[in-house]
Amino acid sequence: MDSNMKMTTDANMEAKTEANMTAKTISRRQVLKGTGALVVAFNLFDPLSHVMAQVAPGALNDEPQAGALDSWIAIGRDGKVTVFTSKVDLGTGIETALSQIVAEELDVPFKAIKMEVGDTTKTVDQGVTAGSRTIERAGPQLRQAAAATRQQLLKMASAKLAVPIEQLTVTDGVVSVMGNGKKVSYGSLVAGRPFNVQIPATGVGWDLKVAPDAHVKSPNDYKIVGTSVPRVDLPTKFTASFVYTQDVRVPGMLHGRVVRPATVNSKPASVDEESVKDIPGIVKIVREGSFVGVVAQTEWAAIQAAKALKVTWTTPETKLPANSDAVYDYLLKTKSFAQRPVVNRGNADAAISQAVKSYEATFRWPFQMHGMMAPSCAVADVQGNKATVYAPSQGPFDTRKRVATLLGVPEDKVQVIYREAAGCYGRLGTDDAAEDAVVMSRAVGKPVRVQWMREDEHGWEPKGPAQLLTVRAAVDASGNVVAWDFLDRSFPWTESGGQPLIASRQVGIKGEGQGALNGTGGGGDTYTFENQRIVAAAIPWVKPDPTPLRTSPLRAPGDLARVFASESFMDELAAAANADPLAFRLQYAVKNQRAVDCLNAVGKLANWQARPAPAPAASGNIAKGRGIAVSARSTTVVAATAEVEVDRSNGEVTVKKVAVAHDCGLIINPDGLKNQIEGNVIQGTSRALMEEVKFDASGIHSLDWASYPILRYEKIPSVDIVLIDRKDMPALGGGEPSIGPIPAAIANAIFDATGARLREAPFTPERVLAAMRSATTSTRA
Amino acid sequence: MARISLRVNNQTRVVEADPQTPLLYVLRDDLELHGPRFGCGLGQCGACTVIMDGKAVRSCSVAVSAAQNAKITTLEGLGTLEHPHPLQTAFIEEQAAQCAYCMNGMILVAKVLLDKNAHPSEDEIKEALNGNLCRCGSHLRVIRAVKRAAGEPVSA
Chain A
1 MDSNMKMTTD
11 ANMEAKTEAN
21 MTAKTISRRQ
31 VLKGTGALVV
41 AFNLFDPLSH
51 VMAQVAPGAL
61 NDEPQAGALD
71 SWIAIGRDGK
81 VTVFTSKVDL
91 GTGIETALSQ
101 IVAEELDVPF
111 KAIKMEVGDT
121 TKTVDQGVTA
131 GSRTIERAGP
141 QLRQAAAATR
151 QQLLKMASAK
161 LAVPIEQLTV
171 TDGVVSVMGN
181 GKKVSYGSLV
191 AGRPFNVQIP
201 ATGVGWDLKV
211 APDAHVKSPN
221 DYKIVGTSVP
231 RVDLPTKFTA
241 SFVYTQDVRV
251 PGMLHGRVVR
261 PATVNSKPAS
271 VDEESVKDIP
281 GIVKIVREGS
291 FVGVVAQTEW
301 AAIQAAKALK
311 VTWTTPETKL
321 PANSDAVYDY
331 LLKTKSFAQR
341 PVVNRGNADA
351 AISQAVKSYE
361 ATFRWPFQMH
371 GMMAPSCAVA
381 DVQGNKATVY
391 APSQGPFDTR
401 KRVATLLGVP
411 EDKVQVIYRE
421 AAGCYGRLGT
431 DDAAEDAVVM
441 SRAVGKPVRV
451 QWMREDEHGW
461 EPKGPAQLLT
471 VRAAVDASGN
481 VVAWDFLDRS
491 FPWTESGGQP
501 LIASRQVGIK
511 GEGQGALNGT
521 GGGGDTYTFE
531 NQRIVAAAIP
541 WVKPDPTPLR
551 TSPLRAPGDL
561 ARVFASESFM
571 DELAAAANAD
581 PLAFRLQYAV
591 KNQRAVDCLN
601 AVGKLANWQA
611 RPAPAPAASG
621 NIAKGRGIAV
631 SARSTTVVAA
641 TAEVEVDRSN
651 GEVTVKKVAV
661 AHDCGLIINP
671 DGLKNQIEGN
681 VIQGTSRALM
691 EEVKFDASGI
701 HSLDWASYPI
711 LRYEKIPSVD
721 IVLIDRKDMP
731 ALGGGEPSIG
741 PIPAAIANAI
751 FDATGARLRE
761 APFTPERVLA
771 AMRSATTSTR
781 A
Chain B
1 MARISLRVNN
11 QTRVVEADPQ
21 TPLLYVLRDD
31 LELHGPRFGC
41 GLGQCGACTV
51 IMDGKAVRSC
61 SVAVSAAQNA
71 KITTLEGLGT
81 LEHPHPLQTA
91 FIEEQAAQCA
101 YCMNGMILVA
111 KVLLDKNAHP
121 SEDEIKEALN
131 GNLCRCGSHL
141 RVIRAVKRAA
151 GEPVSA
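In order, the protein sequence lines correspond to chains A and B.
Quick note on my numbering: the first sequence kicks off at 1 and runs consecutively.
Quick note on my numbering: the second sequence kicks off at 1 and runs consecutively.
I should point out that these hints are in silico values taken from the structure, not numbers from a laboratory.
Some clues are possibly wrong.
Here are some, though not all, of the chain A residues that point toward chain B, as calculated from beta-carbon distances under 8 Å [what the hints assert, rightly or not]:
| # | residue |
| --- | --- |
| 1 | S241 |
| 2 | Y244 |
| 3 | E274 |
| 4 | E288 |
| 5 | S290 |
| 6 | W300 |
| 7 | Q339 |
| 8 | V343 |
| 9 | A374 |
| 10 | A422 |
| 11 | E645 |
| 12 | D647 |
| 13 | N675 |
| 14 | E714 |
Positions of the beta carbon are idealized from the N, C-alpha and C atoms, including for glycine.
If we strip away everything but chain B, and leave its shape as in the complex, we get (with noise of 0.2 Å):
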């Protein structure tokens, strides 16, 4: 067991952990967070993502250890019910899931998406959210929820 220390949706959180621990557990157990979410364990659905220095990773696949002094941005770190974030606006607004336990990857893979290209196209939409699985087939939603975002036109 070590003390890590974290900065987790800018606050700083000291854990006791086994060095090895994948992130998305003491995210998860510790820190009590919600957003990330075990799917796979093997870094294959997505489920899992949170925002590490600006990229979109699987939380399940780094260990608490290699974690440390990144800066981690989980669904909870953008936005709240009261106060959502643009991103999380337009996810409702678009209805864009049904069980939405992938969401989670969905909202912040567009995230890192959007910090980066302000107005990607369909196709560069697409690309992003390759990689993250959804079993409920709400990928029209997704597509239309991220333009929205992003500012552009969206046909239902």
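The following block holds chain A by itself, in its conformation from the complex (with noise of 0.2 Å):
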């Protein structure tokens, strides 16, 4: 297989780089100091090489610090930009919006920015990139850093042009003195020498504050900010010579494959490597504590190894619910093991004990999949106690912590580089595969990738979590809501934070804790009410889960299900109190002004008549209807419309149409944004339409995408945005919000249709028609 491993084409170039990086762990000093051999891998690589010219040896700890400003930015003598950041692009676009951050604060042209990403050897750790957070919070620590460089730009050359800085102007990284045609470069001024400045830095991860009092521009005076910078990944994509993790090859790498059990507790009572004889090509059968896998020559050779592969399994009690009625039932029935208050506010349970009228429903959400296109990946070298990997976890360094609890090193000896892969969705802060790799890379002494196959992945990849839902409210002698009470029970993520997974797991060690709350947003926490209780509970699962209903954030987590309780619910009472269910919402948003501005927007953008629902029955088997949602997710703000139609004859529900309006502060890239706006509308009306998973006490049913099926163009909504751009507030995320009120806004528009209310997703032909039978025969509240 040598020759495999021989790098001939231009588009291997990056890969052949890491190659290099990859025959030695090395540190980011080490990078700066340009020492040895390296020096040849680094100059293919055109950014790095302007790093290394310009920092002396010993400018840096090995550990990037907050506080150092060169840990963040690097000029190269041609001005050109290196940022580093542990943020990752997850295919969101993220680096490019970064990227217009760091070139509009700093003064220089977006396309003198290079983004070095998640390399823990050469980044601070800014916390993983999750919950729409990278704008909110990354956002800020890197426009500060650029804020901090700039100054010390300024200062360097007030000294060298000996006039004040009150004199300097800078366009594209040129500084020129007011009045006279004196200029100076930002690349002749830095002149190949570390700025080697501290600046101020506090707190950790997202928390992380950098540079704060670094004086920053007025947003007014932003050029390039707020515009639609094209992406600077997706031209390199659509002609094949991007590198995923998925394409990254090293020198001497094989190929492994997972064989996995019915449960992470199941142990291999016999292995029958004599079942896999004739296969050409095998390494290693790699066993280690109950860990089972294959390594092999080649990546065919791996596959069918894997699959022929007889493996006795100890067969433990599973723990797998029956079906999902049994999974409700268990959530409505066990104690939870935290409750977090969103809103208290008066006495809800007072206020409906005595109320003149009450309501009461209660709504399910299944486990569903983050369903990532491409199985996970990784590839690891573990060389004695050191070991470097390439990952395309969400948080680069939680990935690195458990190489290194696995392992037993400490955690300076491991190198985890960041590679994307597909979309994730929040599916990748589990970084199963890295741990795998880790596993058979250590039993053979050779750099190893492993990939996940298909039924791995479904099989195996944290779901998100099943919730149960109740909501109460009461309404006055005027038909006034007085009060309002909502409790989200859900499993937690037991994956998450610093939980060990599965190959950890197989090898003996242990997780800890019941896992994480599933998020609090949404549950009608966008209203005010005189009594308003809203509380989101974690009940506990099996835990450390062995079983493959593994849970972890799937996005918005948990809120697809708060908001379609809390919005089908609304509907219900708009229903009940014949009012137009736009006109319902704003009254009862009215001291939340950004909700009362989306649902104003996406009102007008959806051309919404004022009536109340559901709509006038017309003739035929097509009803058609409309509906309305809105959400806020962190500090985000989104309302959106459905048009959809449903089939009378046989309950199958197409959404024609989405609208949406969208608040997430000041905007970064707009036709970015709206790129995450048409995703999360497409991907939360497969998941309200389609998407749960399947399993028994045997075992996850839900294997491939036949299956699992997932929205396909023949039924893709057609989605239209409006945009509110806030100036005066701070850029947030817009990676998950609108997804949030999508099933609400479907739900509620098959209501319009037909009369029938949904209570539980997906709303499957079977459903939608018992509910259109439940709606004819039961007598309306």
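Hey, can you piece these two chains together into the complex? The hints should help.
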């Protein structure tokens, strides 16, 4: 196979560089010192050669420190700017947006920026890339670092040109003296030296504050931020020159595949190596603790061997519930281990018990999948007590910690290098394949690339947790809602935080704790009621979860279910009051101006005509309806309408059109934001209409795209978007918030079309038909 | 193992491989191409699409021995970063992706469609692409990109 390792094409230049990097685990300081053979490697890699040219030996500690300007930004002699960040691009275009922020604040052309992303030896830990917090939190970190860099450059220019800073101006990385023609470029000011400047830095991760006092531009002066700069990654992706994790190749690399049991607790009672003896190219059947994997010379050999290997597993009780009814019953009857009150105003219980009229409904949300298009993948090279790991982790530092624990070595012996994979929507906070690759590389002493098969990914990805939601409300004699009581019973994220993942558990590392709460947003918190209680409760799951129903954050964690429940219930209250659903919402959102603005904007965009739901019945099989929902996630507010057609003969729902009004404060890149919103609408429609993990006590049965279908082109709605840009506000997140209200808007549109209220997702034809039957037989509240 | 000759992107390439190896792994691991991508290995998602004798096929489900003598085009064979194919240019102009892992299949299926039907309707575009999955939800942009490549007016 050696001939396969030769790198022959230009497209593999980056992979070649990686190969050289892997050959020796290197620290940033070594890079900056520019010592030894690595110089050759990095000369191939343009931006780093700028860095190397610039920084003197010993300029930095091994671990980049948040308080050192050089940890964030380096400027080459040619004026090229390298930005170091541990925030990774998960396919959302965040690298482009962060580049815009830095270019703007530094006064350099956008094209001068190159991001160095997610290498634990070169970046400060800014926390996991998740929760739509990158623009909100890392944006200011990089913005302030850029502002501090600009100040330093002005100070240097002032000294060099012998004029006060006040007389200097910067355009495109060139400092000029106002009134005379003297100028000096950033590149020549820096002249290959480090800044060697300390900046204030407090806090860690998301809460890290960098150079908070550095003077920043007024948003009114922005020229790059706020424009639709095209994504930097897409041209290479469309021409196949981009290097995904899946494309990383290092010299001597072998291929690994995992062999998974029914549960993490299962033990391999026997492994019959004879069963694969006829497959050529097998290097090793890796057994460690309960971990079983196959390492082979070729990918195909590894795949065949993993499939053919006869393993007899012990079969401990799986603890998988028998069906989804059993899950909801468990959620209803099991005491929570954590409760978080989101809102607690007045006395909801008393108000409801004394009310003229009260309402109650319960909603169900199933386990759903992230469904990455690319199954988990990583490349690891464990040599002695050191490891280099290429992984698509949302938290390279989290992966470093897990791998260090797994290997029993200090964290600084592990270098994790981020490489992008497919969109993951929260799945790669739990970077399982990195651990698999580490276990197998250690076993064979060579670099091993592990890629899960589709059934591994569908079967073992940590799922978005199931939720059971109960809403109660009371109205007074005039029909006003005077009380609101919302309870979300959800499984926690069993795999979040520092929990050991599958391979770690299989080799004997124990997890602890019950896991983290599945988010808290939604549930009616955009409204104000006199008596209002919103509680998110975490119901303990088998922990550490040995079953394939392990859980983790799934895009807009918990929001889809909570907003589905609260906004469906608002719709029921509006219908009971014979009120227009939009006007009814405005009445109770009155203290939330941004929600009011979004509701009005989406109403205008969708040409919403005021009338109560359901729509007057029309003849024929196709019933048409429209629905609306509003929600907030963190500090971003979204309102959406959906227009649907329901085929009364078979219950099939088609979402024709979705309109979204979106307010995430100051907008960095309008087209990038629209791209996110379109994706959220489509993924949200898919999750609302089609997605439910199928399982029983024997295991997961949704193991491919046929048994876990997602929305296809034939059912894609059109999407209209209005962006509300608030230059007076900070820039907030846009990766997740707009998926929140989509299922609710669709459910409300189904009600409008048919008079049938959906209380369980997904809205399959069977459930729609059942709801339609129930609507015609029951007396409406 | 057998010696197998392939015609990929107008070049003849000879590999040593088990004849039953799916074409995908030979293209990726032996020929070091990045265009075709592993998504499911089951012919369900389309990430591994290549054009074989003018047809879009799932390279995860074609034995390399069955691809001998066929004319194979991967995404690399369409155009380069410096000289992109008009379809690639249209995808860039429409910013028609998020993670783009599935876009290899979208672009190649669109290529086969446009070769047969220079001015497809929106329904024809959707029908052609319906077997290709995208999880990021870039469908609307892909449709616009295909229209743009066909010289049709594109409304955002």
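Structure-based check of all given hints:
Interface restraint check for S241/A: the shortest CB-CB distance to chain B comes to about 5 Å, inside 8 Å, so the restraint holds. Annotation: interface hint on Y244/A holds; nearest CB of chain B at approximately 7 Å, less than 8 Å. Given the 8 Å rule on beta carbons, the hint for E274/A is violated: about 20 Å separates it from the nearest Cβ of chain B. At its closest, the beta carbon of E288/A sits 26 Å from a beta carbon of chain B; the interface hint therefore is violated under the 8 Å criterion.
For S290/A, the shortest C-beta to C-beta distance to chain B is roughly 25 Å, which exceeds 8 Å, and the interface hint is violated. Taken as an interface hint, W300/A checks out: its beta carbon lies about 4 Å from the nearest beta carbon of chain B, inside 8 Å. Restraint check, Q339/A versus chain B: the minimum CB separation of about 33 Å is more than 8 Å; hint violated. Look at V343/A: its Cβ only gets to about 31 Å from chain B, farther than 8 Å, so that hint breaks.
Hint status for A374/A: holds, given a least beta-carbon distance of 5 Å to chain B, under 8 Å. For A422/A, the interface hint holds, since its Cβ comes within 8 Å of a Cβ in chain B; the closest pair sits about 4 Å apart. Because the beta carbon of E645/A sits about 16 Å from the nearest beta carbon in chain B, more than 8 Å, this interface hint is broken. For D647/A, the suggested interface contact is broken, since its CB lies about 19 Å from the closest CB of chain B, more than 8 Å.
Here the hint on N675/A is kept, as its CB sits about 6 Å from the closest CB of chain B, short of 8 Å. The beta carbon of E714/A is positioned within 8 Å of a beta carbon in chain B (closest approach about 5 Å), and the interface hint is therefore held.
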